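Student: These are the residues of each chain, in order.
Number of protein chains: 2
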Amino acid sequence: MRAEILSCGTELLLGHITDTNATYLAQSLAALGIDLYFVSQVGDNQGRIVETLQRAWTRSDLIIMTGGLGPTEDDLARESISALLGEKMQVDPVLEADLRAMFGKLSITMPERNIKQATLIPSARSLSNPVGTAPGWWVEKDGHIIIAMPGVPREMYRMWEQEAIPRLSPYTGGLIFTRILRVSGLGESAVEERLGELIHHTNPTAATYAKNDAVDVRVTAKAPTREEAEMLVAEMEEQIRRIFVHHIFGVDRETLQSVVGKLLKERGQTLAVMESLTGGLLASTITDVAGSSAYFVGGLVSYSTEMKAQMGVPRELLEQHGAVSEQTARAMAQAVRKLLGADYGVGLTGVAGPDQQEGKPVGTVYIAIEGPTGVVTGKGPGWRASRDDQKRLSVQATLNLLRRYLEGTIKES
Amino acid sequence: MRAEILSCGTELLLGHITDTNATYLAQSLAALGIDLYFVSQVGDNQGRIVETLQRAWTRSDLIIMTGGLGPTEDDLARESISALLGEKMQVDPVLEADLRAMFGKLSITMPERNIKQATLIPSARSLSNPVGTAPGWWVEKDGHIIIAMPGVPREMYRMWEQEAIPRLSPYTGGLIFTRILRVSGLGESAVEERLGELIHHTNPTAATYAKNDAVDVRVTAKAPTREEAEMLVAEMEEQIRRIFVHHIFGVDRETLQSVVGKLLKERGQTLAVMESLTGGLLASTITDVAGSSAYFVGGLVSYSTEMKAQMGVPRELLEQHGAVSEQTARAMAQAVRKLLGADYGVGLTGVAGPDQQEGKPVGTVYIAIEGPTGVVTGKGPGWRASRDDQKRLSVQATLNLLRRYLEGTIKES
Chain A
1 MRAEILSCGT ELLLGHITDT NATYLAQSLA ALGIDLYFVS QVGDNQGRIV
51 ETLQRAWTRS DLIIMTGGLG PTEDDLARES ISALLGEKMQ VDPVLEADLR
101 AMFGKLSITM PERNIKQATL IPSARSLSNP VGTAPGWWVE KDGHIIIAMP
151 GVPREMYRMW EQEAIPRLSP YTGGLIFTRI LRVSGLGESA VEERLGELIH
201 HTNPTAATYA KNDAVDVRVT AKAPTREEAE MLVAEMEEQI RRIFVHHIFG
251 VDRETLQSVV GKLLKERGQT LAVMESLTGG LLASTITDVA GSSAYFVGGL
301 VSYSTEMKAQ MGVPRELLEQ HGAVSEQTAR AMAQAVRKLL GADYGVGLTG
351 VAGPDQQEGK PVGTVYIAIE GPTGVVTGKG PGWRASRDDQ KRLSVQATLN
401 LLRRYLEGTI KES
Chain B
1001 MRAEILSCGT ELLLGHITDT NATYLAQSLA ALGIDLYFVS QVGDNQGRIV
1051 ETLQRAWTRS DLIIMTGGLG PTEDDLARES ISALLGEKMQ VDPVLEADLR
1101 AMFGKLSITM PERNIKQATL IPSARSLSNP VGTAPGWWVE KDGHIIIAMP
1151 GVPREMYRMW EQEAIPRLSP YTGGLIFTRI LRVSGLGESA VEERLGELIH
1201 HTNPTAATYA KNDAVDVRVT AKAPTREEAE MLVAEMEEQI RRIFVHHIFG
1251 VDRETLQSVV GKLLKERGQT LAVMESLTGG LLASTITDVA GSSAYFVGGL
1301 VSYSTEMKAQ MGVPRELLEQ HGAVSEQTAR AMAQAVRKLL GADYGVGLTG
1351 VAGPDQQEGK PVGTVYIAIE GPTGVVTGKG PGWRASRDDQ KRLSVQATLN
1401 LLRRYLEGTI KES
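Respectively, the protein sequence lines represent chains A and B. Read in order, the letters of the first sequence are residues 1 to 413 in this note's numbering. Read in order, the letters of the second sequence are residues 1001 to 1413 in this note's numbering.
Misleading hints may appear alongside valid ones.
[Claimed, not checked] 30 angstroms max Cα-Cα, derived DSS-like pairs, lysine-lysine:
1) K411/A to K262/A
2) K211/A to K1211/B
3) K105/A to K1360/B
4) K265/A to K1360/B
[Unchecked claim] According to the in silico footprint, chain A covers these stretches of chain B (three or more CB under 8 angstroms from chain A):
5) 1013 to 1025
6) 1298 to 1309
7) 1385 to 1399
In short, the hints are calculated from the structure, not lab data. Remember, it's a predicted structure, so these values are computed and weren't measured experimentally. Backbone N, C-alpha and C define an ideal beta-carbon position, used for all residues, glycine too.
One chain only, chain A, in its complex shape (with noise of 0.2 angstroms):
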């Protein structure tokens, strides 16, 4: 099955918005085994959409729509996809009054345009959009097919996988069951690497995809039904588990600090840290999970050496190893656990650039937690990276030593 996308938007075109639903449905369809081989943007023209459209019409089995399904005179693909095929849109009863009872909901008179939204013409059936105003269509003639749906995201992310990719299925010979394994700890290079042969496989599918805070594996499998799926899924996620250990630290959604909360939570343990060459992003990181306030008890950034001494480092220790030192590093998480009283008290302190310190190189990061029983100590990436990369690549260490830290996969020393 041959695919291709249409986004339409004048303001795509005038760079207001980055068409990253297009960037969003071509992983899905990748994910699905269909081909995408174009993708195009046009703005709010009739002339041009039908003349992309007619074009699309020819060379691909499956066209995919975004945009211009709203209800304005600027909204034209209704009216575009009517002209292409040359059917009539004619208001469709059931359409209309859900619409109106979406109005009548929120207490709003509905606008006389919108009526529009509630249009389908003989080769269209709606997808239903509970999260907006606008049904999509999906139209069928002649073999090809084409799905319309809005431009706002969150309205098309849930149309594509509610609405969409199910009545796909007997196009893709089978339903589609994806699980994504978190990474810590290793580059994609790496990854990629150690996955091996996995990475040709074809069902299930293994592919890297280097994140912000984690590199993840995503293993996807196509079978008659969800429940061959999700087994052919796991029969890969155990291989690739046996490969990494405790390098994954989660799937799907999970973040380093929604899983060291958790695990805080289970415990009813409590959390402090110190930071220095992060300023902050450490705190700000772990108080992103919601309810983090139950293990969460506070932190310090001490970005001066006075403030380090001033909260509890002995000052003969800074003077003797410098304020970047694994020395240091500990006595900092020993400040804070006891200042803040603590289950686990962290300690991060390294030099984030521009400028070398104590004669130390940009990168150097030490890292220690000391909790109940003693210390796990661990350091940063050690390479040269832009301020922004150092301080999270620094937090993401951090927050990984201590998963394995309250795992009992690492070793105190």
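Starting from the known structure of chain A, fit chain B onto it as the hints suggest.
Tutor: Positioned in the frame of chain A, the structure of chain B alone reads:
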């Protein structure tokens, strides 16, 4: 002049990357007054690239290609242009010498397949690329122009700005000058409303862009010389500054945190913060500025009420007014200023959500700043937003208040 963009790369059609190059070019074309009618993404397939080029050649004056200039067999931009125009690629001795010199500098033997990066066709001139190995092509024939640039954003941006735009000036009727005025404390629609008639101006133009940390007003003028373009921008800037007065905090790449940092550095003064709902994001944002250790002493992330008390907020006050109150924000500012010995102390407290706190709704945020001569106070966004947005907007409001306090455009209370 009618333009279209052609982005080449199979990684786009697999959804591995998003075509942000197209967004960047679309914005730039809009500012240059060049109409953009189509954007297409095509994989690394010569047949499909040539097919798309042929269509573009018939309907557009200017075709901007990105991607496909690498040394591998999958990089087909040059081959496709040659096929389109029926011209033969030949190694250019000057480009070859440059390329070999570049590899020589890195002490790497040039792989022989790289030689195609030193080729031209009779209608093409090269566009230099000092930050990569692939020079671009500027192709002019029969009243059409093709600009082929690398897909790596950093290389493309530079080539577009430095090499392509100056060559386009005969077609855009002059030189372009742009200045961004950064607005804080107002939403995008309020900014647009206050700009009034200015938004319909044609030279210079004024357009608004909602960014993560501010609303940008981008003023762009076109004139025969840079001096004249700058003068046109300066005139409109004066009008816009009269409208927004203290809402404008900076220009171009400045941020609230860089402006605050500059002000503190100039006076040799220091800053310390105590934050709760933002969980460390305020300190992290302040320390995103290189050199911030010169004025930022440190921060306290007092995520628990106990820690607030421990760090110097009177317990009676916390009991009487609650952790989320103006009184507590003031006490936090005072406490951290005193504890860390800074010239300015910031207190920030509120409800990040998802749940209310002390009967106060999500979005309740109190800010206080104590300086050498008194205190200023402010409030956060005040509406219910996602947890992330709540943190981000509260940090923005705090930095803006601090900026205005340092500039002396807000009264102590």
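Student: Check the structure against each numbered hint from earlier and tell me which ones fail, lowest number first.
Tutor: The structure breaks none of the hints.
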